[in-house]
Amino acid sequence: MLHRLLEIEVEARKWWEDEGVFLSESRKYPPKPGEKFFATFPFPYMNGYLRIGHAFSLSKADFASAYHRLRGANVLLPFGFHCTGMTNKASADKLSREIQQFGNPHGEDVEGGCEFWWRVAVEDLRAYGLGCDWRRSFVTTDVNPFFDAFVRWQMRKLKSMGKIVKDLRYTIFSPFDGQPCADRDRASGEGVQPQEYTLIKMEVAVKPLPLKLGPSEGKRVFLAAATLRPETMYGQTNAWVLPDGRYGAYEISETDVFIVTERAALNLAYQNFSKTPQKKPSCLVELTGCDLIGLPLRSPMAAKKIIYALPMLTVLANKGTGIVTSVPSDAPDDYMALQDLISKPDVRAKYGQKDKEYLAEAKRLTYLKGFTEGTMLIGEFAGRKVQEIKPIIKTKLVESGEAILYREPEKPVMSRSGDECVVALTDQ
1 MLHRLLEIEV EARKWWEDEG VFLSESRKYP PKPGEKFFAT FPFPYMNGYL
51 RIGHAFSLSK ADFASAYHRL RGANVLLPFG FHCTGMTNKA SADKLSREIQ
101 QFGNPHGEDV EGGCEFWWRV AVEDLRAYGL GCDWRRSFVT TDVNPFFDAF
151 VRWQMRKLKS MGKIVKDLRY TIFSPFDGQP CADRDRASGE GVQPQEYTLI
201 KMEVAVKPLP LKLGPSEGKR VFLAAATLRP ETMYGQTNAW VLPDGRYGAY
251 EISETDVFIV TERAALNLAY QNFSKTPQKK PSCLVELTGC DLIGLPLRSP
301 MAAKKIIYAL PMLTVLANKG TGIVTSVPSD APDDYMALQD LISKPDVRAK
351 YGQKDKEYLA EAKRLTYLKG FTEGTMLIGE FAGRKVQEIK PIIKTKLVES
401 GEAILYREPE KPVMSRSGDE CVVALTDQ
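Residue numbering for the sequence shown follows UniProt numbering, starting at 1 and increasing by one per position.
Honestly, I wouldn't trust all of these hints.
With beta-carbon atoms standing in for the labels, derived distance ranges [said to hold, decoys possible]: (1) Leu316 with Ile342: 15 to 25 Å; (2) Val143 with Trp16: 41 to 51 Å; (3) Ser188 with Ser329: 32 to 42 Å.
Using 25 Å as the maximum straight-line C-alpha spacing, the simulated DSS-like pairs for lysine-lysine come out as follows [said to hold, decoys possible]: (4) Lys212 with Lys163; (5) Lys219 with Lys94; (6) Lys304 with Lys411; (7) Lys305 with Lys396.
Everything labelled a hint here was simulated from the structure, so no lab data went into it.
Ideal placement from N, C-alpha and C gives every residue a C-beta, glycine not left out.
With the hints as constraints, model all of the structure from the sequences given.
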């Protein structure tokens, strides 16, 4: 029985092909309502076989087209193949790396990967019985000059109408691939967007610089701390560093050096805050958190003229810059850590996970209540609502050169090429 059904399937496909059942031609007179039907399907990436998910989604367009064709409508169902984009490039790069590592079993250069897969896809779609006018098939590269010309015309038309502009924007970016990394191009981190921070510049207030910072002599050296709450900087008492954390002194310009983690420096470089923008940042010297403990700092808006870098074991090296401002008035964990250093220097290392979770929740609630209901108590904006003042203070800090706006992914993002992504300021 199954054998006979397969025979009927082959016969039907041949008849459809011979009779041109799925070919769509323009007609002499404009169609009346219901006399034409057009369906399309998102172009699948040509980096492997089509999957059952493609068949499931495509069946909706195919069945609807068949229904309207039986009604006598003039039906057009074309099909395109996506041969551009990072998904295809990552697949090609992976294949190239494997050939370099293991050799090519075919003993010849691998070329035309997309072309190979789109021809396989056409065979599979024909076997499926897709009611497609294959004369309208196309690929999304200049291999097909007609589709390429259509896309160029479309972009120029939209630009001339003022519907699109070409400008710089912050986006998730793969340094390895050298281009933006969209959701479909990621191995992990789908949906993650850039997170904006205000980067507070806390200048090292000692001359000459300590021996470990010798390579930075003659430049302005800053511990750069990322914060979401710049309006709380009036309450700074110190800065926190991770004692065992790995830091570096990175050249931001000819005159300025930021001490941050390598990860943060890479994000900064791709946002053009680097002596070597859009490239690996220039590191004058590698440091540990222990090298930074005790450094005197001048920090904008702080009540005290000099604050100091102190150790904190819960500073995260994979979030922000690895340098944290301490504001005990707004952050319970800052208050507890500072009290521990004052009264019980060894007790911080003994905190269990339960204590950390309690302090994290206390910080969340304090920050939330302070932001939504708080009133400024000191500074030029005393008496005004915190929520109202935050953007004003952020702008003031940036315009005065005491801070910059810094961005990094909300959460870790890995590209399909296997590297960790950054946030880059890119030209569209």
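- Query: Quick check: which numbered hints come out false for this structure?
  - Reply: 2, 4, 5, 6
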